[in-house]
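> Chain by chain, the residues:
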Amino acid sequence: MKLLKILALKEIREVFNRPMIYIFISIFSFISGSIFYGNLLTLNEVTNKNIVDVVLAPTFSAINFLLIFFTPVLTMGAFVNEKKNGTLNLLMLSRLKSSQIFLGKYISFLVQGLLIFSTTLVFPIILKFSGFNDMGMIFTYLIGLYLMYCAFVSIGLFCSLISKSAVTSIVMSFAILFSFMILFTTAALIDNVMISQIIQYFSFGGHIYYFSRGAIASFDIVYLISFSGFFSYFSIQLLEVKR
Amino acid sequence: MLESNDYLIQIKGLSKSYSDKDVLRELDISIPTKGIHGFLGNNGAGKSTLMKCILELIDFHAHEFTKTPGLEIGYLAEIPALYEDMKVRDYLEFVHSIYQSKGDELETDHLIEMCALKEVSDETIAKLSKGYKQRVAFAGAISYRPNLIILDEPFVGLDPHMVMKMKELLNEIAKTSSVFLSSHQLNDISDICDTVTIIHNGVIVKSGDIKEIHKTLHHSVSVEAEFENATADALDRIQKDLNCEIEEKSSGIYLFTSSEQENFKSLLSHSFIKAELIVLSQREVEVKLDTLFKEATKE
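The listed protein sequences correspond, in order, to chains V and S.
Taking our numbering, I'd label the letters of the first sequence as residues 1358 to 1600.
Taking our numbering, I'd label the letters of the second sequence as residues 262 to 560.
Hints in this document: simulated from the structure, not taken from any laboratory.
These figures come from a predicted structure and were not determined experimentally.
Be careful, since some hints might not be right.
Below, a list of computed lysine-lysine pairs in the DSS-like style, where the Cα atoms sit at most 27 Å apart [unchecked claim]:
#: 1; chain 1: S; residue 1: Lys379; chain 2: V; residue 2: Lys1521
#: 2; chain 1: V; residue 1: Lys1599; chain 2: S; residue 2: Lys282
#: 3; chain 1: V; residue 1: Lys1441; chain 2: V; residue 2: Lys1454
#: 4; chain 1: S; residue 1: Lys394; chain 2: S; residue 2: Lys426
#: 5; chain 1: V; residue 1: Lys1359; chain 2: S; residue 2: Lys348
#: 6; chain 1: S; residue 1: Lys426; chain 2: S; residue 2: Lys391
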């Protein structure tokens, strides 16, 4: 536990010493802000329901889509750089367990995620001025986004672990993320309802629905957490094999 | 078993191949508990690969692999494994904290002192020169007092002063733990290693005590002499009398080599007097490890 803390702290310090995260946050807040503003302009009547339907829901689903492109870039270097600098060997030869090596990274990305999503808190503040008071809605959105981000990160880290260059890592994680997203529409074409439903369940697409309507559904949470868990487990086993 | 107490790691029949190329072929390696052991080899001889196998960083095939349980290994890679964004002190403390287990580790301050890193201890590693980086990585590798230290080309990029200092440190460390180092700077190795292994094309050509290797590889004695009045006639006579080889190194300086070691030197001196040669200087030329190495790796 103590070792995990040391490692995670080191990772976090490293991230915040580099310009990458700041550039990332600015780009993210600029794009998400523009989308929010654009949606706000189309609003003709200010009511709670209207704001949710016209402004918040489209904004957050756009951000969700944005994450598919952003997370692979964020996670690309995680293990690739370590391998390149030979520092992965340094960690592997130490007393650290494989799970600790992986979780140390994962935790640093969770912290980065908090920082990235904190920029979207400006939306409810702006909306508050026009009398919007459905804060629970915003809260569910953010939980949904954050869990989705966690799942994306687990895939990104997995790809970074199995690839030798950052570019391969990006391409692979993007391909996996996108396939999981697109699975939803593909599944709809299948005649057999049961198979179609099962495949839809495996897609990310099927699990944003409730979040974007302000409901925290247990099966969505179970899905996202087990998704992250599955890829994390895979990565940890991979690290273990490399030892 | 007695054997396992004498050696930290014993590998028999170690082989490693990358896709189609055999890098290591049926090597037998035993790592004793103390002393400095050197690996010599050309580029691509398989030194680094062998080290990685010992560290179990890569897959390999071996008939037998015994390792003392709880063995701690310090490793200095060819390209030093450093977190370039970290400060020197932070890095050393980090390495220290993820490796420490016995409680008799070196204090970071002491370590910085030992490796002469004081003036850069608060600098970011990325800003340091290659030599300093090498030193920082070395300091990291010895910080937790491992039983075995594996150094891949440790003297590359260091100034002579630091090389000397590092050798002193290694000698100190070798009293309690085992040091494995590779190099192609042959003279670097010859003065600190107790034993040497010469690898060529993935096969061990020679292994053992440096002096022993000298004897087995080279039976001849060479004497270099400088004359004031050397004549071809006189030299010819000496060559016939002593059955030795003569090579002119530069004007007036000749190298006499004979495969009969016994009293060749005194016989040679006598023949100089007999031939009425005026000797300005005369010395025995020691067979350098370089020559040894060239001889061993000759196809």
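> Keeping to a limit of 27 Å between CA atoms, is the pair of Lys379 of chain S and Lys1521 of chain V held or broken?
Outside the cut-off at roughly 36 Å; violated.
> For the pair we were handed, Lys394 of chain S and Lys426 of chain S, check the Cα-Cα distance against 27 Å.
16 Å, holds
> Need the status of pair Lys1599 of chain V, Lys282 of chain S: alpha-carbon distance at most 27 Å?
Satisfied, since the Cα-Cα distance of roughly 21 Å is no more than 27 Å.
> Given the hinted pair Lys1359 of chain V and Lys348 of chain S, is their Cα-Cα distance within 27 Å?
21 Å, holds
> Quick one, are Lys1441 of chain V and Lys1454 of chain V close enough, alpha carbons at most 27 Å?
Roughly 21 Å between the alpha carbons, so the hint for Lys1441 of chain V and Lys1454 of chain V holds.
> For the pair supplied as a hint, Lys426 of chain S and Lys391 of chain S, is the alpha-carbon distance within the 27 Å limit?
17 Å, holds
Consistency with the previously given hints fails for number 1 only.
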